[in-house]
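Mind docking chain B on chain A? Use the hints.
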Amino acid sequence: MNATSPALTMGGLPKGSARRILPGLLTLLAMMLILIVCGTIQPRIWSQGGMTLIMSPIVALAIATMAQMVLMSIGDIDLSIGFFVGMVTTIVATFMRETPLMGVLALAACVLAYAMIGALVQLREVPSLIATLGASFIWLGVGLFILPVPGGLAPDWLFQYAMWRPPFSIPVPIVTMVFATAITWLFMQRTRLGARFRSLGSNPTALARTGASLLLTRMLAYATTGFLGVLAGVTLTAEIGGGDVNAVPGYTLTTIAAVILGGGMFTGGRSVAWGALFGAVTLGLMTVLLTLLNLSSNLQPAVQGSIVIAVLAGRLVVERLTR
Amino acid sequence: MKGLSEISPPPWLWSFLAAIIVLLLTFLVSGVGGSQTVTLAFTIAPYLVLVGLGQMLVMSAGPGNIDVSVAKVFSLGGLLSIAIGEMTGSWVLGIAGAMLAGLALSAISVVAILYVRIPPIVATLATSLITSAISLTLAKGFQGSADPAVKSFLNWAPFGVPAFAVLVVIFTVFVSWLLKRTVWGVQTLAFGQARRAAEYAGISAPRTLTVVYLTSGVLAALAGALRAAFSAPNVELGNDYLLDSIAVVVIGGTLISGGRAVPWGVWGGALFFILLDGLLNLIGWSYAGQSMLKGLLVLAVLFLAGGSPILRRRGARSPASWISRAMRFRAQERPSAQTSRHRRRAP
Numbered sequence: 001m002n003a004t005s006p007a008l009t010m011g012g013l014p015k016g017s018a019r020r021i022l023p024g025l026l027t028l029l030a031m032m033l034i035l036i037v038c039g040t041i042q043p044r045i046w047s048q049g050g051m052t053l054i055m056s057p058i059v060a061l062a063i064a065t066m067a068q069m070v071l072m073s074i075g076d077i078d079l080s081i082g083f084f085v086g087m088v089t090t091i092v093a094t095f096m097r098e099t100p101l102m103g104v105l106a107l108a109a110c111v112l113a114y115a116m117i118g119a120l121v122q123l124r125e126v127p128s129l130i131a132t133l134g135a136s137f138i139w140l141g142v143g144l145f146i147l148p149v150p151g152g153l154a155p156d157w158l159f160q161y162a163m164w165r166p167p168f169s170i171p172v173p174i175v176t177m178v179f180a181t182a183i184t185w186l187f188m189q190r191t192r193l194g195a196r197f198r199s200l201g202s203n204p205t206a207l208a209r210t211g212a213s214l215l216l217t218r219m220l221a222y223a224t225t226g227f228l229g230v231l232a233g234v235t236l237t238a239e240i241g242g243g244d245v246n247a248v249p250g251y252t253l254t255t256i257a258a259v260i261l262g263g264g265m266f267t268g269g270r271s272v273a274w275g276a277l278f279g280a281v282t283l284g285l286m287t288v289l290l291t292l293l294n295l296s297s298n299l300q301p302a303v304q305g306s307i308v309i310a311v312l313a314g315r316l317v318v319e320r321l322t323r
Numbered sequence: 001m002k003g004l005s006e007i008s009p010p011p012w013l014w015s016f017l018a019a020i021i022v023l024l025l026t027f028l029v030s031g032v033g034g035s036q037t038v039t040l041a042f043t044i045a046p047y048l049v050l051v052g053l054g055q056m057l058v059m060s061a062g063p064g065n066i067d068v069s070v071a072k073v074f075s076l077g078g079l080l081s082i083a084i085g086e087m088t089g090s091w092v093l094g095i096a097g098a099m100l101a102g103l104a105l106s107a108i109s110v111v112a113i114l115y116v117r118i119p120p121i122v123a124t125l126a127t128s129l130i131t132s133a134i135s136l137t138l139a140k141g142f143q144g145s146a147d148p149a150v151k152s153f154l155n156w157a158p159f160g161v162p163a164f165a166v167l168v169v170i171f172t173v174f175v176s177w178l179l180k181r182t183v184w185g186v187q188t189l190a191f192g193q194a195r196r197a198a199e200y201a202g203i204s205a206p207r208t209l210t211v212v213y214l215t216s217g218v219l220a221a222l223a224g225a226l227r228a229a230f231s232a233p234n235v236e237l238g239n240d241y242l243l244d245s246i247a248v249v250v251i252g253g254t255l256i257s258g259g260r261a262v263p264w265g266v267w268g269g270a271l272f273f274i275l276l277d278g279l280l281n282l283i284g285w286s287y288a289g290q291s292m293l294k295g296l297l298v299l300a301v302l303f304l305a306g307g308s309p310i311l312r313r314r315g316a317r318s319p320a321s322w323i324s325r326a327m328r329f330r331a332q333e334r335p336s337a338q339t340s341r342h343r344r345r346a347p
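So the sequences go chain by chain: A and B. Counted the way the numbering used here counts, the first sequence spans residues 1 to 323. Counted the way the numbering used here counts, the second sequence spans residues 1 to 347.
Among the hints, a few may not be true.
Derived SDA-like pairs (lysine to any residue); straight-line CA-CA distance at most 20 Å [said to hold, decoys possible]:
id, chain 1, residue 1, chain 2, residue 2
1, B, 180, B, 203
2, B, 180, B, 193
3, B, 151, B, 230
4, B, 151, B, 234
5, B, 140, A, 297
6, B, 140, A, 291
7, B, 151, B, 39
8, B, 151, B, 163
9, B, 140, B, 235
10, B, 151, B, 164
11, B, 140, A, 295
12, B, 140, A, 299
13, B, 140, A, 294
14, B, 151, B, 96
15, B, 151, B, 93
16, B, 140, A, 296
17, B, 180, B, 9
18, B, 140, A, 290
19, B, 151, B, 43
20, B, 140, A, 298
21, B, 180, B, 13
22, B, 140, B, 87
23, B, 180, B, 10
24, B, 180, B, 207
25, B, 140, A, 300
26, B, 180, B, 169
27, B, 151, B, 165
28, B, 140, A, 303
29, B, 140, B, 239
One-sided and incomplete, this derived list gives chain A residues near chain B with beta-carbon spacing under 8 Å [what the hints assert, rightly or not]:
id, residue
30, 120
31, 127
32, 130
33, 131
34, 136
35, 138
36, 142
37, 253
38, 260
39, 298
40, 301
Just so you know, these hints were derived from the structure itself, not from any lab. Here a beta-carbon is modelled for each residue, glycine too, at the ideal position from N, C-alpha and C.
Same shape as in the complex, but just chain A (with noise of 0.2 Å):
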């Protein structure tokens, strides 16, 4: 058949798509099957209750995620997304508790810090993954500023979001999960924003060619990940109940490894969101494989590492037989 119609693989759908389509759905499947093995080891996850227990871990991850993605899909690297969902936390803790106003100020003006260093990587060709390395630093300074030991008290709302119990028994995590990721899909795939985000990771010349601000491109680019980090930061706070800068410095190298798992690159131009979406559940469901088969927590770094190598090694594989 590949013979026949070269520009088709075996699913019948064009090269490129497969291309953009296999690897998520390669993850999606491994996400599948450990969902299947801890199902069979502790039956009750499938209700809400259990459900709600092991997804609302992920669902920080899973935005934060989606921030990493949206600067990969550009072509630059964001380094700093773990402190900087730390140091958003911090800020929720206190300011959005004691005087909301202040909170919001200073949620927004994270945002236009994002949007700043995206017009340094653009403005002083710097690689972003300096640029954000620097502005890790003060993420965590801000953040240890703020809050010098962890503490603080999330927002009533928030608390009232995360016992809120949806109808037909749907689970919160994934109710607000999928909204994130259908939002930011919508985004990408179907503005003229996102569109703009894809191309000046393809081909920049080609964008600067059709009169568009690179400058602007690349510093809206910037500020959605800074809006998405926020995000991420909120439902963070809600999880865990307070502030904490250190809470998840592992999220930094995480969300790439989700991003790419989803069948993202880092030479930018793809936007996988639901890829993206899949990687962030199979990395974050390690926990608890490894809790139901009784393993030692230590372990987890291992097998999350191990994972990352098996499905790009398995996706290696799928796309020697797609070519």
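Using the frame of chain A, we list chain B on its own:
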């Protein structure tokens, strides 16, 4: 062209200039106690320099190459060297074992990068995760202390000059010589500047990448082993070394897009960072303030040194330079550059 390159200052100058400014400020603040600050800085800096030199080699091997496993390998090196040292009673075996572990772990990265074709940042991340699992398992109920001989050597500073720092300076000279004067060094840098051209010229990609990643792993483990002997082994011993090693390498003038390695810049960057920490401690800044200032300084250095001149002069194909070219295209169509690009695209 020759004249221009002779006028431009060496890339490591800025990091040393920054370190000297911080040093002068330290003298201003502390007065007499300043020389102790310098000794202390030279006692702590070599560990960061060792990790930084490995990171520098990796980064010089071309765009996208980065080793994010150094922090965890550093911690594991510390734990392992002390554990083996306790078990066998020989610190030499301990350090050798740590270096061997560093070699084995970076071999995982190398296999993942070369044969599974995983981007280096994710491959080394996976290695880092595996390493941290080993460290956590090893650290459970861990007890042990370093050999007193090693410890006293690391603290030994005749005439206020730490002996260990001198060793690392000699090692830096060696790395510098390797990069400038040996076929291997020139090949690695050529590979970093233009991978495809280097491969056409017969430079083996697997060999180049294998050597730089293995070196980085071994150096991180060695630095960790020594650092653990200097203070105490700990799972979180290396955590600061990931961001710091990348930052000092870049502040030191090494190009993140590859092809230019500046070993002395690593020293400048490390001294700058450590002296800065010392100064801020001296004037009573909290860790929060220190971290914020560090971040602002990294961004300021990027702002001043951004768009490194070598990148523009040689037209290296980094994403950033592509975009600048795109912007220039917009301002004025340049036929010569355009035709050359078309020729490049043609099969």
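Hint-by-hint comparison with the structure:
1. B:180 / B:203: With a Cα-Cα distance of about 17 Å, the restraint between residue 180 (chain B) and residue 203 (chain B) holds, given a limit of 20 Å.
2. B:180 / B:193: OK: residue 180 (chain B) and residue 193 (chain B) at ~15 Å, within 20 Å.
3. B:151 / B:230: holds, 5 Å
4. B:151 / B:234: holds, 16 Å
5. B:140 / A:297: holds, 12 Å
6. B:140 / A:291: Status holds; Cα separation ~18 Å.
7. B:151 / B:39: holds, 16 Å
8. B:151 / B:163: With Cα atoms ~12 Å apart, residue 151 (chain B) and residue 163 (chain B) stay inside 20 Å; holds.
9. B:140 / B:235: Holds - the C-alpha atoms of residue 235 (chain B) and residue 140 (chain B) are around 10 Å apart, at most 20 Å.
10. B:151 / B:164: Within the cut-off at roughly 11 Å; holds.
11. B:140 / A:295: Given pair residue 140 (chain B), residue 295 (chain A) holds - Cα atoms ~15 Å apart, limit 20 Å.
12. B:140 / A:299: holds, 12 Å
13. B:140 / A:294: holds, 17 Å
14. B:151 / B:96: The hint holds at about 16 Å.
15. B:151 / B:93: holds, 15 Å
16. B:140 / A:296: holds, 11 Å
17. B:180 / B:9: holds, 18 Å
18. B:140 / A:290: Given pair residue 140 (chain B), residue 290 (chain A) holds - Cα atoms ~18 Å apart, limit 20 Å.
19. B:151 / B:43: Holds. Residue 151 (chain B) to residue 43 (chain B) sits at ~12 Å (cutoff 20 Å).
20. B:140 / A:298: This hinted pair holds, its Cα atoms lying about 9 Å apart.
21. B:180 / B:13: Between residue 180 (chain B) and residue 13 (chain B) the Cα gap is close to 18 Å, so the pair holds against 20 Å.
22. B:140 / B:87: holds, 16 Å
23. B:180 / B:10: holds, 14 Å
24. B:180 / B:207: holds, 18 Å
25. B:140 / A:300: Holds, at roughly 15 Å.
26. B:180 / B:169: holds, 16 Å
27. B:151 / B:165: Distance ~14 Å between residue 151 (chain B) and residue 165 (chain B) Cα, so the pair holds.
28. B:140 / A:303: Satisfied, since the Cα-Cα distance of roughly 18 Å is no more than 20 Å.
29. B:140 / B:239: Holds, because 18 Å separates the two Cα atoms, which is no more than 20 Å.
30. 120: holds, 6 Å
31. 127: holds, 5 Å
32. 130: Constraint on residue 130 (chain A) satisfied, holds at 5 Å.
33. 131: holds, 6 Å
34. 136: holds, 7 Å
35. 138: holds, 3 Å
36. 142: holds, 6 Å
37. 253: holds, 5 Å
38. 260: holds, 5 Å
39. 298: This interface hint holds because 4 Å falls under the 8 Å limit.
40. 301: holds, 4 Å
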